[in-house]
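For the protein sequence lines, the chains are A and B, in the order given.
477 is the number that the UniProt record's numbering gives to position 477 of the first sequence; each next residue is one higher, with no gaps.
104 is the number that the UniProt record's numbering gives to position 104 of the second sequence; each next residue is one higher, with no gaps.
Check the hints yourself; a few may be wrong.
For lysine to aspartate or glutamate, the following EDC-like pairs were computed, each having C-alpha atoms within a straight-line distance of at most 20 Å [unchecked claim]:
#1 788(B) to 460(A)
#2 796(B) to 521(A)
#3 527(A) to 509(A)
#4 527(A) to 339(B)
#5 331(B) to 531(A)
#6 483(A) to 751(B)
#7 483(A) to 823(B)
#8 781(B) to 453(A)
#9 334(B) to 531(A)
#10 781(B) to 457(A)
#11 527(A) to 502(B)
#12 835(B) to 823(B)
#13 331(B) to 536(A)
#14 731(B) to 715(B)
#15 498(B) to 531(A)
#16 731(B) to 550(A)
#17 42(A) to 26(A)
#18 334(B) to 95(A)
#19 788(B) to 26(A)
#20 126(A) to 96(A)
#21 788(B) to 473(A)
#22 737(B) to 457(A)
#23 796(B) to 499(A)
#24 38(A) to 116(A)
#25 530(A) to 864(B)
#26 327(B) to 536(A)
#27 557(B) to 521(A)
#28 788(B) to 531(A)
With the Cβ distance kept under 7 Å, some of the chain A side facing chain B (calculated, not the full set) [claimed, not checked]:
#29 115
#30 120
#31 550
Think of the hints as simulated: they come from the structure by calculation, not from any bench.
In this text the structure is predicted, and so the values were computed from the model without any measurement.
All C-beta atoms, glycine included, are put in the ideal place defined by N, C-alpha and C.
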Amino acid sequence: MNTVEAFEEELTTALSNDSSLNGFSDFLHFVGNSDHPKTVYKGIYAMYRLFSLSIRKRRLDLGSSGNSEVKAVGVWLREKLERFSLLLQGYLHDEDENLRNASLRIFFGLLKQLSDYDDLLTQLFKVIVQGLLLCPQSKRCSTASADRFLELDVRDTLVDDWLSKYADLRWYYFRASGALLLQQPVITSNPQVPKNALFIIEKLASTQLQITDISNRWLGDSAALPNHSKGSIPAGSDQPAEDDWRTFFDSQMDDEDEVGGEKANTRRVHAMTVHEQIRSVPAHKTMFTKCWLALLPCLSSLPVDDTREDLVKRALSVFHRGVMPYMTRPILLMDWVAGCVDFGGSVAVLALNALFSLMKDYNLDYPQFYTRLYALLDRDVLYLKHRSRFFRLTELCLQSTHLPATLLASFIKKLSRLSLSASPAAIVLIIPFTYNILKRHPALMVMIHRTGDSPDDPFDVTEQNPTQTNAIESSLWELYSHKIHYHTSVATMARIFEEVFTKPSYALEDFLDHTYMTLLETELKRKIKKEPAVVDQSLFLPQSLSPPEDITHSTWVLA
Amino acid sequence: MAKGSQLNQLKAEISQAGLSRQSHSGKKRKRGTSHEVDKDKKASKLLEINQKLNPFDVKVTKLKHDVGGRKIKGAVGKPTVSKQAGIEQRKRTLLKEYEAKDHSGGVVDRRFGENDPTMTPEERMLERFTKERQRASKGATFNLEDEDELTHYGQSLSNLDDFDGTGLALDDGDESDGKIDADTVKRSHFGGFEDDNDETEENPRKKSKAEVMAEIIVKSKEHKFQRQLERQQDENTRHQLDQEFEDIRSLLLTQPDPSASGSNSVPLGRLRPQAEPSHVANERKPPNDQDYDQHVRELALDKRAKPKDRTKTAEELAAEAKEALEKSERKRLKRMRGEPDDSSDEDDREGKSRKKSRGQRGGDDLNDDYDAESAPWSLGAGLGDEGSPENEETDSEDESAGESDDGGDHESAASTNDSSGEDDDRDGGKSEDLFPTRTKPAKKGHPSGVNELPFTFPCPETYEEFSTLVEGIDDHDVPTVIERIKTLHHPSLAEGNKSKLENLSKVLIDYVLHITSPPTPRFILFSTIIPHIYSLTVSYPISSAQYMISKLSMMHKNFTRGLSRGAASEESKTWPGTAELGLLYLISKIWPTSDMNHPVVSPARLLMGEYLGLGRIRNLQDISSGLFLCTLFLQFEELSKRLVPEAINFLINVVLILSPHNFEDAASLPGLFPAPDFGTPNCLRLRLKTRTGKVLDPNPPDLVKLLTCRSTEPEQDKVDLIGVSFELLAKFSEWYKGIDGFIELFNPIMDILTGIRQSKLPDGLQVKSSATQDLLRRLLKFSRQSRKPLALQAHKPIPIASYIPKFGDSSSSYLRRQDPDHERAAASKLRHQVKQERKGAMRELRKDARFLASVQQKEQQEKDQGYKDRMNKVFNSLEGERAEQKRMDKEKVKEKRRAGRK
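Let the hints inform the model, and build the full structure from the sequences given.
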């Protein structure tokens, strides 16, 4: 304890008196080797105060006047600062929660102090991002756990307190993390990086953040002063109006020629200085896009297992709301999304959402969309977690009255077949879904009402193309079978097919979010109004000591 | 009709009616009696013809556009006829009223049926006759002959010998009609005394008056004695009957109140020997008066004895039982189909009748719900209801037992239950126990050892109390204990027992959950307790249902908690254990599981479906639990045979997991059922190891052993479980063979069964497998043959509602005012009707007034005429007198003149 305070006092006086700063080295060493979290905590804060003081005293200047002594001190201090930042980087992944948050706070405090030093700023941010994504071992405890994933509280503090609030920090972060994710060897040696990156960016995307809102900045205004820019600015960039105008046209052209457009855009953004980019919305978008585009291939390159699928799902689930609107050209995501759709399973179901918004809003031409959609109707689709999302989208896709009846017939026939092994909640969803389609396409009514006698079912389950399954010549026997389903609501719903189709359509939204849990809770909460019926006296046979005669006892030995 | 002139027509009509002169003319001479008869007939016929032919009697409204074939009301009218009818009617009613206007009083004919025109005179007479007879029979109240004794001032008249001295020979002769016999009359009445003397010559000497009288008296006394004797005999017989009647009555009457029916037949003034011996003994002193009064009072209050339902024959009983069964089956079917329950009013009716029958039992009958007689079991062997003597000694013991486990533990348990209910499901808290756990094992040994059961028990309030109670009691004695608790706390015995028993049902459910929970589930004890829970449930269905529902919701919470930890992870507890399965089994036994909507059964079914649909298979216990659930589903739907997709999925998954087969991965499986556990490492371990050397046969598996992991032969268990799943699949396929989607449902299953490597299964399983396959193949074949395309929309097309006025071929309603708004049209129609009615009423009133006016005028005319006549008469007489006077005067003058001349 004493030593920390002693160190700090000594160094503070040294800084104010311009005396020897060699204590920094010892202090760093002392803090780095300390095991006690409190000591470390105090130490890093003391260190932070010392560095702040030295920054304020402009001791980190390399000296423009060529004073070698000042320069030497500056270089030496910078080296110490780097060591300090590396130390803090380790503490970001410490066991002690206070220490983790403290180091994160100190990092950003330092960033603010360093607003004037562009190079230091960039360097420090790189260290921070590395610390966040790579999660290096804390120096304090060598035996830390093997999983090097970002702690939840660090992520939350980071996103809530800094990244979501301050546009410039966001920009720096995207730039740094994008750069890091593009380094292939780093990724291969540290497979945790994509996950950590996704962890942060997912949170960022899910906080309803407006990437385009760049009014709030963390770093001092001095960092953005034009006199710090080196003067090599293209003339056009100074006028924001023209800038917007050009970007607009650029993005228009981009649609025609993606590769060329990409280059044009990057060049344009590259042409700006850092400070200008921080103040430019397109630049922010570009950084954001770059970061995502760097991240997605990393996700794909992970080994195929559950974690990868989980990560992809998490990315996809924020895609259409939090990501695509803020990209320079969301169409760039197309390949990856299409790959996900082809992957199948719940990934495909999630990717479908992104794909659909790409098609709808960004004019993507996706061949054989309905064939792919039909292929998604496999044995697991009704048991997926994202079932409601899938059906919401599917209903949207099948809403057009211009779709061929054969195609829709295949869909409802397949769904009806799937319903034979589905949960009550899913059946309750399928029935109004089918009803709506039947109502919208009276040509399909033959599937529930056909005169004449055709002994065989012409429907071909294995056919991949929904227009060639012959479903329209079949009947929805499976769906109608549910009229004897054990759950009352299902049985009642199944009977709508034998009634007159007078209802215009069912609001599918009412049926989408049913699960076993919701159904069961409705049943359990039902008030008992009148005395429930009890098994009739005559049917209830008095039992002696010998086991009663029923199916259970004839099948099992109960003792 | 309209041919020729009026005259011609008249002629034709008359000749047609046979009234023409010519026919008569020839027979003019013959007129006589026949003429008188014909006269009326002829007159009526003539009148008819007259009316028919008079064109002024018929008023025709001319139609503008006559459409043929229609009958229009009011087109042709007969104003004179209707007017005449109106006048007649008024004469009959209004005129009568008018005439009786200022009169009061008069004679009203109240004879029976006089003003009832529906009765024929004969009926009227008959009715009057019966009434008269009835009145006459009522008059028998004063018939003195029926009375036993006549009294005067409380003294019997028969004891009065006042007539001895009197000469009045009020003698009762041999004839009982009370007449004085002819002899006496002859001798002593109407002066017969004198005549007698001459004619009775054969008597040696004339009897004196006193002698005669004495003779008469003697005779009458003798008669009297004879009558008394007779009466004595009658009384004896009756007495004897009365005494025998007590016996007969005890046979006849099973009514609880002996005083209700017997008193009628007991004669007045006599003691009731059996009914109230002590009471009578007390008040023997003035017996007559008090008894008499009492009997009168009783008689006034007494109900007449009612005939009992006669004993039913065996056939009738059987028919009744059959009808009751059929009725309950009908009700069940209705509930199964989920039709709106109109049995409620039936219940109401039953309730009413039940109330009525209950009303007879008396006011403080608390036994309203509890039906002890219907309990299908009996008390413990040789143990009747004689618990009360030992009350004191056991009570103290029980009290101490109750005190020993304090409420504190229970409360803490309850509070944890409550708080954990609000736990967030995500936090993955430990799953809670379904029943309150016993924190303190109470060591309260029974002093006299286990063999001797105490007779009385306190009613346990909580599960802890009950478990302390049955601590150390043999399993097979526990039902007896419960039975005794129920008997001791029968609701009719004390206030508050009802709620105690209500609570007991909850305690028993807890207890059942306890005994079926690991480590040592006791299912035999469980099945002996079910009837007790059943009987309590019958009495208190709502509280029992609520408690079971709370258990179900607890199970559901546990399950979701298990799921949130990861359904596939080893340590999460998802599948139900023995206690949960026991509860579900209990539900299947107590509640009608075939109901479409049932507060307990519906959630239970859904919960079972949830288990089967969301639970993931990790080991043999999971499979056993799931298979047991499938069996329970079979039991639940035994009558209703509803579709349970989850059960089918689970069964086929179990077959896939346990048995060796040819399918490589999930994608190659036939059908579209989900197979989430297919190919997971856990499940690959579960596959039956083929040919382990021993020959294994599928047997019914032991649930308890399987679920508590006490089994030592996993391969045998696997064989058993595969066998069970084959059996269940076969049963389900039998059920579902009728549904439309049978082919789609069972075709994949068939494919999988054929994909199993038969040769690697044990022989017993091979047999089962091939039997199931055969069954399925057959059912599928039939189903393929019989299936037809759906034709669900064979409704009549519904016409679109139209507001366009209809222009039909037959009717032209466009002239009529039409309003598309139905209600407005109805209202205007009603308004119109009211207006018409008002007009009609006004018209009638005017006619009435006119009629009255004419009557009054006629009266006035008559009055005037009378006056005039009277006046005329007066004038006439006056004139006559005057004329006479004048003539006299003239004569006088003439005479004078004549005299003067002279």
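Legend entry - Violating hint indices (sorted, rising): Structure breaks hints 2, 3, 6, 7, 14, 18, 19, 20, 24, 25, 28, 29 and 30.
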